[in-house]
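Protein chains in written order, with my numbering: chain U, 8 to 122; chain C, 278 to 392.
Read the hints as simulated data drawn from the structure, not as lab findings. Hints are supplied without guarantee of correctness; some may be wrong.
Keeping only pairs whose Cα atoms sit at most 30 Å apart, straight-line, the calculated DSSO-like set for lysine-lysine is [stated by the list, open to error]: (1) U:75 with U:8; (2) C:288 with U:114; (3) U:114 with C:334; (4) C:334 with U:75; (5) U:114 with U:61.
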Amino acid sequence: KNEVEQSPQNLTAQEGEFITINCSYSVGISALHWLQQHPGGGIVSLFMLSSGKKKHGRLIATINIQEKHSSLHITASHPRDSAVYICAVHSPLKYSGGGADGLTFGKGTHLIIQP
Amino acid sequence: DAGITQSPRHKVTETGTPVTLRCHQTENHRYMYWYRQDPGHGLRLIHYSYGVKDTDKGEVSDGYSVSRSKTEDFLLTLESATSSQTSVYFCAISESRPGSSYEQYFGPGTRLTVT
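Generate the whole structure from the sequences, applying the supplied hints.
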């Protein structure tokens, strides 16, 4: 079973700071997802990546397949970025018997950006 | 936003009673998933479906059953609810088969409390 570890578990920063959240996993994957969960519970997909780097607005996600590691960066952080950020990996053949399978999720990083 | 609804959104029930949660999608996606989210754990897969009447177990399936009689509906049933099943339940859908490039879209969640 793939093990997904996120760090830090909790992060409090001041508005404007550069934020980095890390995710490491134990076995090879076909894709890695970064998700955002706001207070109130809704989960939104931010990125899906299998190599390299992706950027969307102030968010940047990178992945190093050889090192089994991904980072999510937030530039010019804002209080509205306060949320739980979740890393999830897809590992083919995770379940026996074929068919669709799901994702393995990290426990999440609780980010608070103070004004 | 993907058209995914969950009902009920909140439910309090007593130990030993049956409970059914409903996930409804308007996207005509083939794959549907039920996850539970608990403090100290990442999202964990309960059951998934890869088509009408085609379902399979996930990581934490004990005490749960599912049914999918129509593409748009995926039902999760707790035959006899226990306090350990107090959790937030998320439904998700995806269009493509996991293992290829795909994204999962999440419903708003159902908060279930078993007293």
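Quick one, are residue 114 of chain U and residue 334 of chain C close enough, alpha carbons at most 30 Å?
holds, 21 Å
Distance restraint between residue 334 of chain C and residue 75 of chain U, which requires alpha-carbon spacing of 30 Å or less:
holds, 27 Å
Check the hint pairing residue 114 of chain U with residue 61 of chain U against an upper bound of 30 Å on the C-alpha distance.
Distance ~22 Å between residue 114 of chain U and residue 61 of chain U Cα, so the pair holds.
Hey, residue 288 of chain C versus residue 114 of chain U, does the alpha-carbon distance stay inside 30 Å?
Roughly 24 Å between the alpha carbons, so the hint for residue 288 of chain C and residue 114 of chain U holds.
Would the pair residue 75 of chain U and residue 8 of chain U pass a check requiring their Cα atoms to be no farther apart than 30 Å?
Holds, at about 15 Å.
Checked against the numbered hints given earlier, this structure breaks none of them.
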